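There are 4 protein chains.
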Amino acid sequence: MSFNTFGHLFRVTTWGESHGPALGATVDGVPPGVALTEADIQPWLDRRKPGQNKFTTQRKEPDEVRILSGLFEGRTTGTPIQLMIENTDQRSKDYGDIAQAFRPGHADITYHQKYGVRDYRGGGRSSARETAARVAAGGVARQVLAALVPGLRVTGYMVQMGTHGIDRARFDAAQIEENPFWCPDPVAAVEWAAYLDDLRLSHNSVGAVIEVVAEGVPAGLGAPLYGKLDSDLAAAMMSINAVKGVEIGDGMAAAALTGVDNADEIRMGPNGPEFLSNHAGGILGGISSGQPVVCRFAVKPTSSILTPRRTINARGEEIDLITKGRHDPCVGIRAVPVGEAMMACVILDHLLLDRGQTGGQRGIIG
Amino acid sequence: MSFNTFGHLFRVTTWGESHGPALGATVDGVPPGVALTEADIQPWLDRRKPGQNKFTTQRKEPDEVRILSGLFEGRTTGTPIQLMIENTDQRSKDYGDIAQAFRPGHADITYHQKYGVRDYRGGGRSSARETAARVAAGGVARQVLAALVPGLRVTGYMVQMGTHGIDRARFDAAQIEENPFWCPDPVAAVEWAAYLDDLRLSHNSVGAVIEVVAEGVPAGLGAPLYGKLDSDLAAAMMSINAVKGVEIGDGMAAAALTGVDNADEIRMGPNGPEFLSNHAGGILGGISSGQPVVCRFAVKPTSSILTPRRTINARGEEIDLITKGRHDPCVGIRAVPVGEAMMACVILDHLLLDRGQTGGQRGIIG
Amino acid sequence: MSFNTFGHLFRVTTWGESHGPALGATVDGVPPGVALTEADIQPWLDRRKPGQNKFTTQRKEPDEVRILSGLFEGRTTGTPIQLMIENTDQRSKDYGDIAQAFRPGHADITYHQKYGVRDYRGGGRSSARETAARVAAGGVARQVLAALVPGLRVTGYMVQMGTHGIDRARFDAAQIEENPFWCPDPVAAVEWAAYLDDLRLSHNSVGAVIEVVAEGVPAGLGAPLYGKLDSDLAAAMMSINAVKGVEIGDGMAAAALTGVDNADEIRMGPNGPEFLSNHAGGILGGISSGQPVVCRFAVKPTSSILTPRRTINARGEEIDLITKGRHDPCVGIRAVPVGEAMMACVILDHLLLDRGQTGGQRGIIG
Amino acid sequence: MSFNTFGHLFRVTTWGESHGPALGATVDGVPPGVALTEADIQPWLDRRKPGQNKFTTQRKEPDEVRILSGLFEGRTTGTPIQLMIENTDQRSKDYGDIAQAFRPGHADITYHQKYGVRDYRGGGRSSARETAARVAAGGVARQVLAALVPGLRVTGYMVQMGTHGIDRARFDAAQIEENPFWCPDPVAAVEWAAYLDDLRLSHNSVGAVIEVVAEGVPAGLGAPLYGKLDSDLAAAMMSINAVKGVEIGDGMAAAALTGVDNADEIRMGPNGPEFLSNHAGGILGGISSGQPVVCRFAVKPTSSILTPRRTINARGEEIDLITKGRHDPCVGIRAVPVGEAMMACVILDHLLLDRGQTGGQRGIIG
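So the sequence lines, in the order shown, correspond to chains W, H, R and D.
According to our numbering, the stretch in the first sequence is residues 1 to 366, in order.
According to our numbering, the stretch in the second sequence is residues 367 to 732, in order.
According to our numbering, the stretch in the third sequence is residues 733 to 1098, in order.
According to our numbering, the stretch in the fourth sequence is residues 1099 to 1464, in order.
The set of hints was computed from the structure by calculation and includes no laboratory data.
Everything numeric in this text was worked out from a predicted model, so none of it was measured.
A couple of the hints might just be wrong.
As the list claims (entries may be wrong) - The following label-pair restraints were derived from C-beta to C-beta distances:
1) Lys426/H x Asn278/W: 34 to 42 Å
2) Ala146/W x Gly1423/D: 35 to 43 Å
3) Asp821/R x Ile685/H: 51 to 59 Å
4) Ile688/H x Glu805/R: 22 to 30 Å
5) Glu1275/D x Thr403/H: 55 to 63 Å
6) Gln727/H x Arg1164/D: 27 to 35 Å
7) Glu1276/D x Lys324/W: 55 to 63 Å
Cβ atoms here follow ideal geometry from the backbone N, Cα and C, with glycine treated the same way.
Excised from the complex, chain W in its bound form (with noise of 0.2 Å):
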């Protein structure tokens, strides 16, 4: 958990701006002997990828994932896994407008006060394309989890898109990967294209609410308070940019809930306890039940929009400011691998960590 590093035993360090010569991920604590090739990330790195359709940013960027180190004959070698992508459509000059102005709603002010410096072109390293190594990141920690958790599946979709949520009733994830919006809810995906379409068109940007699931988490993942897999979780999905909430389980509803409605009876099934419900979110006290471990998170509107905002520049001169540029009109539709991607490393680095502490074994019920 350093300025750039997350997790504890699977590690991930990203580094890159948005318009250097390439970024990636330095991801350390690999198990050895996994078979992983470039082709198994892609495809996930494929799904987060700008300018698929109207609703992302039209910047071009093919993001092909190069694997410099850490494999040997097409397995992990337990040694660091250096993943790099290039940055290949950079127009730096959509920026010149930016450079000494500080745009609302984004870190410029920030970066500016913390560092006296600040790499203005594109928002440098609070620009939404850091999120491609994490992407990248995730794709190991999937092929890796693939291998130790036979079963194990992390899914992620967009839930709420500005003032829209899904209808639960429609829910089918046969769905999901047939809209642009990761969307569960055929009926509502197609509300969210002409909403969007709206908001794009009148200059605006909106929210969104991702959910992301991961089923088949064996029960004891985790660990008492400060090692929390929730805390690790909260951490892991605040850490995206333009998050401001993350919930499991009921989240924020569970407050407006009685004890009598909260608890998730268990009853005895074939194959162990069986929960009657998941208010949960899979996790008590910290520590996975085996459960369906349920993490939704609140992206901002993209802050990057053609509609004037009153803000001040580097000389303290009050102006108005729109942020051209190629912008999503909802960031929040591309936060969906980048959220599976959290979730699949926080998970594999409790199971590192959890194996390492009690040797994977489990406390015997019945």
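Following the hints, put chains H, R and D in place on chain W, whose structure we already have.
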């Protein structure tokens, strides 16, 4: 962070169970030369202390903190401060019934699964008693902050109990200390008393939302991406027992905003930049902006209730269980001083991190 | 590896000063289910205890360890173990003379320079008393190792006192417990007694070299480069007060060897690879080879002597200073159990790290 | 201090193998605003570069460093700096013979045992090539140190080759750059050339001792016990390939000293305290004293030699092996710039840590 440690430079490791001889916190990385005595810490513990009214557990714990190390002639020496709080009112017999049963909503089953062994007395390490150690550590953090950043102020209060929120129009900071709920809305406080009494008498419990605000935080604290101020706040708050959601600024509601509405516009004030709103909760790109840092978290209802719930025991038998003992009908009440403590710890940690990396120098505006 | 923490997964944070009410260690990451009582730890502390003969300080400390947390019904629960040792024989008046003076060879001046404040009583945190906490933590590590790796044995002994080394031809492990110096050479032990007595009576002190060997360490512990087993051993031993050098295997003498001589040739034995020599000290490329892990460290002579030395005080005045009090003429003697404790902690930590990353599986030979 | 990361605030993660496409270092925590270009780093790499004379490996690597991130307009931005060095002169065929054989003295067998898989080409991650990444990171550290502590100077040199030490009476710093051994004694340098030539021609190799001195280090860097400056130096130097011993100040020889001799007496000079000797190597109680920080380490002889040695292969068969390829007869030569780099990294890290905790303020003397 580690299993039971929180923080980078200002590091807190808590230890101890509900029903062992003592619990406490080992606080490392404390700046030297800061005046500190037990009397500086005790008042914060007294605010969290159980048994003060009918709305909190009737367990009577003096929660007297002893400083065992790290001080010399009333000042911090820069070496680890050991804070110890003895457990005095332990009634282990209260817990005989649940020795082999898994209370729904509790960590009983996950501790059992992970560790194979479990200190069932009072929930052991997963007890809310652990938060006393946090509050003590937070007292140290506050004292250091007072020395380093005069004017910095951390305030927590409850903004929602169950289905009842406060009316922001009636917000009066002076009211917070005037009712048992740390409620800034005096009308809501009266309503909540009746509401909670009803729940308590019907053997039920309820959740809550706590808001913690830090005013006077200098701009520039935090770091990009994984060492974000908000990422660490999210981890800190989510690490508190029973917390299920964390929000910064507008939090989950940011999803419903448009970019036009969400932009915190900036004007130039007499002392530097001034923001016209604070949707961001004082943090942009992971770095403090100088605005108040605003964090909210949801606490689920107390899982220990006198209403029977269906569950199983370690033998895999299905049983009905009521949880006797002395429990808070709304554990969120006592989470208020805990949230304040975590906020103080996180901000101090980032203050030290920032002056480590940047020397505390700030970029100039104007 | 924070200011006062050692270890990755098995993490020890020590706290406390020589003359405060107590000192101790917070031990986190302990595997659950391991039988442990204070009686398992106390014997190791008794070996380090001062005042046992004329060759160690006459301070009388029972050094009784209390376990305040992390156990339930005689077994570790996987939660932090707090080990507390009360200071009972404090004579702060002994230290009045040096309150404002900087004893040569001591940390007085550097603590003063760094922190501006200093607990001068007994050296505060820089006192050799801190090592009691390490020995207690090492007792926990040994108990866990005994459960996880039957047959693993850690043994420390002195191989050089001042200018007098042992004769390896007379090495007899059975002799180690038979003399006050943990000396495996019975002839040397007799010589050292006279030698040290002379030094003590002439108000002088002397250094020593300690060797610690771990037998039965499985192959495969450690990690390339920065998480090397030898790198962590070097840090561990150098972190002990007064240590000035650390060697693995042939250590500094490896510089004088040729490649032909240094090669530990390998043959195939009935149970796998067998090395024909152990210049490497059981570690190749940072990873254990299955041979005995051999580590040596040099302890400088006790700086507190009754012979006057030139120095200055905090007012910048030049003075002559003798250091009264109760001091070890050869502090290296009591460093033997401390070195053993650090070896046990490092090996356990790497055992947990290894099974975290690799699951403890080993590459096949033959 | 993860598997492949070194440092607390100034953190270096190296990655890459001897025969992969590239290797490098991810450097995090760099203070912002420091002037830095590739030309500032390249000279340090050129000093380490192989193939410069007959005493180092004939592998020809330009070792050109590229900075992929963390700079803007020639200055550090405070975000991660990615340093990449491409491998260009790979001759994997050189290593076909040892694909399944374990070279004595190498990490082949332990990597195989731990990971089950091993990149045998050039030793993979255990190759001395990894040290190029350290030297590049050290170049960044030096540039930052030059900005923060003018006058601080780090110098490394060889003091012993095989059985031949330098004569300290002939020490001449100006000679260090004048011979292929970084030897400060011009007479010794001539002798060593003949000595090493003989060894090389007889298919042998030899070890060495390197000394690294940092002058101008401010007093007050370091921390008690586990975050000691010397503890981190020991870990840093021991993490270099082939290092078997580390000494601070008098090092192992301190064991032979008496307390009277070892005391570095202190007098008051015009600019503060002055020590009359430096047995302590500039570190007391883990904290720098303002004297030169003196560290030595022993490098074992190159294990790759043309003289046959007995060993086994992965099938468990006993074989005789000679190691062809292009190897250094004394790998200690190229360890000189590596030791300097590690010293620079450790001192910068502790400089940042110190100003984090104390604000860089110093206790007053006089």
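Checked hints:
1. Lys426/H x Asn278/W: 34 to 42 Å: holds, 36 Å
2. Ala146/W x Gly1423/D: 35 to 43 Å: At roughly 37 Å between Cβ atoms, Gly1423/D and Ala146/W fall inside 35 to 43 Å, so the hint holds.
3. Asp821/R x Ile685/H: 51 to 59 Å: holds, 54 Å
4. Ile688/H x Glu805/R: 22 to 30 Å: At 25 Å between Cβs, range holds.
5. Glu1275/D x Thr403/H: 55 to 63 Å: Because 57 Å falls inside the window, the suggested range holds.
6. Gln727/H x Arg1164/D: 27 to 35 Å: At 29 Å between Cβs, range holds.
7. Glu1276/D x Lys324/W: 55 to 63 Å: holds, 59 Å
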